[in-house]
Amino acid sequence: MASRLETLSTSNYAARRKELMQLTKRLRGVGAQADVDLPRIAVIGNQSAGKSSLVEAISGITVPRDSGTCTRCPMECRLSASTEPWYCQVSLRFEYDEYRKPLKDVREVAFGPSLSFNEKADVELVLRRAQTAILNPNIPHTDFLSLSVDELRNYRQDSTLKFSRNVVCLDISGPNLTDLSFVDLPGIIQNDEPEIVQLVEDLVVSHIRGNCLIMIALPMTDDIENQRAARLAKQEDETGQRTIGVLTKPDYLTSGSTKRRQEWLDVVEGRSAHKLRHGYFVTRQPDDDERAQGITAERARQVEMEFFNTQTPWNNSTEPRRFGTVNLTDSLSKLLTDIINKSLPGLRSEVQSSLDKCRETLAKLPRPIEDPSSEVLHLIAEFSSELKAYVNGLPGHEKLVQKNRLTHEKFKADIRRTVPRFIPFEDASQNDFDETCDDEDASVDSDDCECQPMYLNDMRAHIKATITWELPGNVPYHAKAALIANITKMWNNPAHHCFNAVAGALEKLLRKMIDHKFNRFAALQAQMTVLVSEVVKQQQVAALATLGLILQFEGPPLYTQNTHYNSAVRERWLTKYKHARRPKDSPLPSKVPSQGGPGWVTPLSEAVQEALASLTRAGFSVKEEDLVRLEPVDEYEEELGVMADVRAYFQVAYKRVIDYIPLTIEHTFVRAIANGMQESLIKGLKLGEDDSKQRCAMFLNEDENIILQREDLEAKQHRLEQAHQELLNFGGL
10 MASRLETLST SNYAARRKEL MQLTKRLRGV GAQADVDLPR IAVIGNQSAG KSSLVEAISG
70 ITVPRDSGTC TRCPMECRLS ASTEPWYCQV SLRFEYDEYR KPLKDVREVA FGPSLSFNEK
130 ADVELVLRRA QTAILNPNIP HTDFLSLSVD ELRNYRQDST LKFSRNVVCL DISGPNLTDL
190 SFVDLPGIIQ NDEPEIVQLV EDLVVSHIRG NCLIMIALPM TDDIENQRAA RLAKQEDETG
250 QRTIGVLTKP DYLTSGSTKR RQEWLDVVEG RSAHKLRHGY FVTRQPDDDE RAQGITAERA
310 RQVEMEFFNT QTPWNNSTEP RRFGTVNLTD SLSKLLTDII NKSLPGLRSE VQSSLDKCRE
370 TLAKLPRPIE DPSSEVLHLI AEFSSELKAY VNGLPGHEKL VQKNRLTHEK FKADIRRTVP
430 RFIPFEDASQ NDFDETCDDE DASVDSDDCE CQPMYLNDMR AHIKATITWE LPGNVPYHAK
490 AALIANITKM WNNPAHHCFN AVAGALEKLL RKMIDHKFNR FAALQAQMTV LVSEVVKQQQ
550 VAALATLGLI LQFEGPPLYT QNTHYNSAVR ERWLTKYKHA RRPKDSPLPS KVPSQGGPGW
610 VTPLSEAVQE ALASLTRAGF SVKEEDLVRL EPVDEYEEEL GVMADVRAYF QVAYKRVIDY
670 IPLTIEHTFV RAIANGMQES LIKGLKLGED DSKQRCAMFL NEDENIILQR EDLEAKQHRL
730 EQAHQELLNF GGL
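Residue numbers (the working numbering): 10 to 742.
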């Protein structure tokens with residue numbers, strides 16, 4: 010009963026081991042090793058370390074041994090125990106292009122038909138052909154299927170690679186095999202060009218990192234410390250947790266090397282400083298004479314065990330299971346099975362996590378272009394629509410309008426600073442009058458005003474200089490027109506400064522929008538920059554022409570239909586000027602108690618109100634400003650009248666120009682550009698012409714970095730999706 014249970018347990022373990030080996034084979038077949046850390050065994054060693062003989066002993070085949078293609082690419086051996094007849098299928102797995110860049114789709118293709126047991130001797134030649142095909146990826150692999158050994162040795166092309174990361178795969182199945190998979194890496198070389206030496210070491214290191222069981226071939230003819238392969242293994246596995254040492258060429262130690270053999274026995278039995286978690290094994294492989302005589306694999310294993318059973322000190326070792334290729338192979342199979350078993354849950358999680366992250370990163374990249382013409386039109390429409398949103402100050406697009414409003418406010422202040430500074434006194438000696446104060450607008454500091462103060466004597470001289478054939482009491486029209494012209498001609502610079510500020514803000518916004526909207530396509534971005542700049546320039550010419558026309562409107566003839574407002578302002582300023590000239594010989598107290606209620610009032614204000622009330626009772630409709638006519642006639646009556654006329658007209662013209670200039674800029678420049686942008690760009694890109702499709706395709710050539718990044722991510726996503734599916738389909742999880 011116990012024997013039957015033991016047999017069942019062994020059978021279940023063997024089935025599980027085979028399933029696990031097949032799973033890793035399929036995962037490697039879809040290229041999952043590029044993205045996740047698959048469990049594996051890698052065989053490394055210096056050149057002439059006996060690594061090839063070791064691989065032959067484990068796989069049961071003959072591998073190329075001379076210099077050339079045999080050491081210039083990895084070889085993956087996948088062994089499978091079977092009761093079916095022996096066969097070997099050689100395949101090529103292309104994971105990288107000739108520039109060692111991962112391919113989007115990993116391909117594993119059969120290299121010729123499978124070989125039967127009777128064709129076992131042909132495996133070596135097929136491997137030579139396969140490895141030559143790997144080193145020439147630009148040539149169809151079928152071209153190498155019939156080349157002879159001599160043709161392969163002499164085969165060289167300018168494009169032939171010195172080494173390749175692509176893999177020659179061997180699927181070997183049959184009786185007397187153990188379920189096992191391993192990667193045989195090129196031997197470490199030291200006497201070659203430095204870049205070749207480094208290339209091989211980089212290839213080896215890339216395979217032995219991470220979840221890899223490192224099997225290192227160490228010839229007993231040299232110290233471990235002298236082995237470059239041993240140093241690389243220690244570099245990646247400092248504590249020796251995942252390294253197996255395989256000591257080769259024990260028969261090369263002469264009978265007189267007793268001490269040397271004892272030192273190696275100490276290594277095997279764990280008494281040396283070079284301890285490894287999985288320890289060391291010792292194998293003895295056929296020498297050149299035995300191979301020349303055609304020794305079989307079965308006979309080689311017999312000779313090997315006879316050697317260890319009869320030779321001292323090996324036959325006296327306390328670790329007999331550490332000797333022989335069969336013991337090594339069984340141990341490797343169990344170790345790899347255990348590693349894969351333990352790695353499966355984490356592997357599934359790693360694949361899912363990597364796939365999620367890959368999809369997330371890919372989703373952030375711009376989508377690839379399928380219809381260039383439609384895409385260009387779509388981008389132009391979006392660009393134009395967004396520009397209109399900024400011009401209209403829609404939610405989220407307020408900055409342009411807000412900046413322009415500040416510019417308009419500055420323009421208003423600049424025009425306000427051109428206010429005439431009329432002082433209703435003969436000269437500066439009597440100046441205690443604030444000529445810039447206005448009830449309708451904020452006061453302007455007189456020091457900031459553009460105009461010089463003008464006194465009554467100055468105004469009298471100005472009027473006198475303009476008199477020609479006028480009748481007495483008639484101030485020449487030119488006297489007023491000249492004063493107004495001196496003011497309005499100062500409006501040209503503020504108006505153009507306002508335009509330049511608005512244009513600058515718009516151009517800055519357009520550059521930012523172009524960079525944001527078209528930065529994915531360098532050619533289109535450059536073309537859009539040129540076209541948008543041209544649109545702005547053309548509209549600028551038209552807008553400036555209109556702006557100049559508006560400014561001309563403030564030149565001759567002086568005109569307004571806002572006569573009521575003009576008259577009201579004139580009367581207000583005339584009253585203000587005359588009040589300022591009142592004698593101050595009998596000043597009234599500044600404040601007295603109000604008789605009509607609580608608080609205080611000025612005596613003058615109270616007296617005026619009483620006079621207005623008396624006149625109203627007498628039937629006269631009189632306002633406070635009409636009372637100025639009761640003042641005695643001023644000797645500067647004409648001058649004061651001119652001051653009031655000019656000041657009133659300034660107020661009328663100022664009120665309209667601070668609106669019309671911003672509106673002119675807005676409509677003839679800002680909005681004109683926004684409204685005509687889409688049509689202008691379509692015409693500029695010639696999208697209606699016959700070759701527009703080709704032109705759009707040229708414009709949408711993406712940045713090479715984005716293309717490469719998307720291709721890499723798509724390839725990675727494809728590999729991970731396949732790996733994910735393989736893990737889902739595997740019933741042993």
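These aren't lab readings, by the way, just hints derived from the structure by calculation.
One or more of the hints may lead you astray.
Only pairs whose alpha carbons sit at most 16 Å apart, straight line, appear in this in silico EDC-like list of lysine to aspartate or glutamate [said to hold, decoys possible]:
| hint | residue 1 | residue 2 |
| --- | --- | --- |
| 1 | K517 | D643 |
| 2 | K113 | D643 |
| 3 | K587 | D643 |
Between beta-carbon pairs, the in silico distance windows are [unchecked claim]:
| hint | residue 1 | residue 2 | range |
| --- | --- | --- | --- |
| 4 | S394 | A119 | 35 to 45 Å |
| 5 | N235 | A119 | 26 to 36 Å |
| 6 | N235 | E28 | 54 to 64 Å |
| 7 | K27 | P149 | 49 to 59 Å |
| 8 | N684 | A622 | 55 to 65 Å |
| 9 | D296 | E272 | 15 to 25 Å |
For every residue, glycine included, the Cβ atom is placed at its ideal position computed from N, Cα and C.
Problem - Satisfaction of the hinted span 35 to 45 Å by the C-beta atoms belonging to S394 and A119 - result: violated, 56 Å
Practice task
Could you grab the alpha-carbon distance between K517 and D643 and see if it respects the 16 Å cut-off?
Solution key: Violated - the C-alpha atoms of D643 and K517 are around 58 Å apart, more than 16 Å.
Practice task
For the range 54 to 64 Å, tell me whether the beta carbons of N235 and E28 fit it or not.
Solution key: violated, 42 Å
Exercise for the section: Just tell me: holds or violated, for the beta carbon distance of D296 and E272 against 15 to 25 Å? Expected result: With Cβ atoms ~23 Å apart, the hint holds.
Handout entry: Pair hint outcome, K113 versus D643 [Cα-Cα no greater than 16 Å]
Key = violated, 99 Å
Practice task
Mind checking the hinted window 49 to 59 Å against the Cβ distance between K27 and P149?
Solution key: violated, 34 Å
Handout entry: 26 to 36 Å as the expected CB spacing between A119 and N235, which holds or is violated
Key = violated, 41 Å
Handout entry: Distance restraint hint 55 to 65 Å, applied to the beta-carbon atoms of N684 and A622
Key = holds, 60 Å
Handout entry: Hinted pair K587 and D643, Cα distance within 16 Å
Key = With a Cα-Cα distance of about 8 Å, the restraint between K587 and D643 holds, given a limit of 16 Å.
Violated hints, in rising order: 1, 2, 4, 5, 6, 7; the structure is consistent with all others.
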